[in-house]
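If you count by the numbering used here, then the sequence shown holds residues 817 to 1298, one letter each, in order.
Check before you lean on any hint, since a few could be wrong.
As the list claims (entries may be wrong) - Think about it this way: if two alpha-carbon atoms lie no more than 25 Å apart in a straight line, the pair counts; the simulated SDA-like pairs of lysine to any residue are:
id	residue 1	residue 2
1	Lys1249	Ala990
2	Lys948	Glu1115
3	Lys965	Ala1213
4	Lys948	Arg930
5	Lys1249	Thr1280
6	Lys965	Leu907
7	Lys1207	Gly869
8	Lys1249	Ser975
9	Lys1249	Ala1149
10	Lys948	His1082
11	Lys948	Gly978
12	Lys1249	Pro1184
13	Lys965	Gly933
14	Lys948	His1211
15	Lys948	Ala935
16	Lys965	Pro1277
17	Lys1249	Pro1098
18	Lys1249	Ala963
19	Lys1249	Leu1027
20	Lys965	Asp848
21	Lys948	Ser1174
22	Lys965	Ser831
23	Lys965	Gln1185
24	Lys948	Glu835
These are calculated hints, taken from the structure and not from any lab test.
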Amino acid sequence: MNALSRRRGACPALSAPMETGDGLLVRLVPADGIFAPRALVGLAHAAQAFGNGILEVTARGSLQIRGLTDEGIGPLNDAVTALGLVPREGLAIDASPLAGIDAMEIADARALAREIGAAVAAASLLPRLGPKVSVVIDGGGACPLDASKADVRLLAVRSEAGVAWRVALAGDAAGARPLGAWRAREAVAAVVDLLTRVAALGRAARMDDVLRGEATPFASVDPTLLAGPAASSFPDPHPQTREGADASAERALSASAPKTRPGPLHLHPLADGTLARGIGLPFGALEAGSFIALIEAAEAAGAREIRLAPGRALLAVGLTRNGAARLEQAATALGLLTEATDPRGFIAACPGAPACASGRLAARALAPQVARALAPLLDGSFEVHVSGCAKGCAHPAPAALTLVGRETAPATGLPSLDSPTLDFPIALVREGKADGAAQATLSPAALVPILTRLAAPGRHPGETGAQALSRLFAQAFLERSA
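Work out the full structure: start from the sequences and follow the hints.
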């Protein structure tokens, strides 16, 4: 196995496992996004046999197996083949988890995903794109992909002329730069053109790099909905002739996008009259025995297939209302998440010590206590990251509050919330990543009591949890400096 395939930061597919502090990590996404229940049970047994027995569902809805050795990679691949699983290859294109069967969806994202995948392959772009380049296609159904970051993201919207795909660049739903809206054929051409621009900058490039290199990014793109030539030609109209096109583009960008969407941890009506029930894994991880118990409970409840969903959840598909209730009862007994308001759902945590050799904090063991301590504030308006070390594997993006194990005592002048001398301090990082500058430090023993006192006042009327956190965190510093 070459150095490229084993480096940290690459996408750890079965053919390219990634080294972590607790061994090798592989990620599996089926080509069709669907697992048969028996196949998942078989994978859990393989995780026990060849890894450390921990299975994870990531924030993007991928399955991970941890703690593998070099000797275990081959047998794991054999097990995957024997189970009839075909891993996704090529460009990472994430579609809505219930695509094609969701009674709420505006459009089936699978067809567009196939067209984009084929067009990118035909343009010979794959060898020139890095492993982290990705496309998100949200069909507007019950389970949004809003939190999934991507180089190019497409969202189905309704207009008077029919279904169109709204295109945005470099980010999640809130932060991506809107580009325009097209019907499917033009949207495919636009995506190929955009990824060609990324590929031209080399395999390390992302859409962010393209945007930084544009003085007025994509000002020449005609975003007029259902009009004009294929988007790949990118005409350069004169500004004085743009009034009509701009008005049409504005209408397209504000077209009837999906409104309230419940997310995975709900009961979802499907097009065939059956239901899908979402179950969340606490902090995205489950020991193989409990994972098997969950899948077998889903199968006994009548699930015909399992689909993984962004937000560290899985969806049991094909249930009756009675079957869904039985699955929910079984999941609750296993200590899993069945409600979107469960505070644990807003905490990201890596395995940490002692499972991971890099860990300086027992992150996943502490995470339930952190969730209970901060429960008065955890309303979904922010996420907390509990990280065993500064690598920040569980939440690479900035978080509102990151609690990270650090190897050294706090630097001079950095406030300690409990003791000036700490063997393995926990750094509190506000609005940053695990390797960011700390606003304070505390010892592991003091973590939960201090967070409990911090959150105890709760939210003011009309205040979000994120706003309350900012207010209470600032007050804690003011009180200590007074």
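Checking one constraint from the list: CA of Lys948 to CA of Arg930, max 25 Å. Satisfied?
The given pair, whose Cα atoms are some 19 Å apart, holds under the 25 Å limit.
Are the Cα positions of Lys965 and Pro1277 separated by 25 Å at most?
Roughly 32 Å between the alpha carbons, so the hint for Lys965 and Pro1277 is violated.
Need the status of pair Lys948, Ser1174: alpha-carbon distance at most 25 Å?
Answer holds: Lys948 to Ser1174 is near 23 Å, not above 25 Å.
Hey, Lys1249 versus Ala990, does the alpha-carbon distance stay inside 25 Å?
Holds, because 19 Å separates the two Cα atoms, which is no more than 25 Å.
Within 25 Å, alpha carbon to alpha carbon, are Lys1249 and Pro1098?
OK: Lys1249 and Pro1098 at ~21 Å, within 25 Å.
Lys1249 paired with Pro1184 [C-alpha distance capped at 25 Å]
holds (20 Å)
Taking only the CA atoms, is the gap from Lys965 to Asp848 under or equal to 25 Å?
holds (21 Å)
Holds or violated: Lys965 and Gln1185, Cα atoms, limit 25 Å.
violated (29 Å)
Below or equal to 25 Å on CA atoms is what counts here, so check Lys948 against Glu1115.
violated (34 Å)
Measure nothing beyond the straight line between the CA atoms of Lys965 and Ser831; if it is 25 Å or shorter, mark the hint as holding.
At roughly 24 Å apart (the allowed maximum being 25 Å), Ser831 and Lys965 satisfy the hint.
Check whether the Cα positions of Lys948 and His1211 lie no farther apart than 25 Å.
With a Cα-Cα distance of about 15 Å, the restraint between Lys948 and His1211 holds, given a limit of 25 Å.
Would the pair Lys1249 and Leu1027 pass a check requiring their Cα atoms to be no farther apart than 25 Å?
holds (23 Å)
The structure is inconsistent with the numbered hints 2, 8, 9, 10, 11, 16, 23, although it conforms to all the rest.
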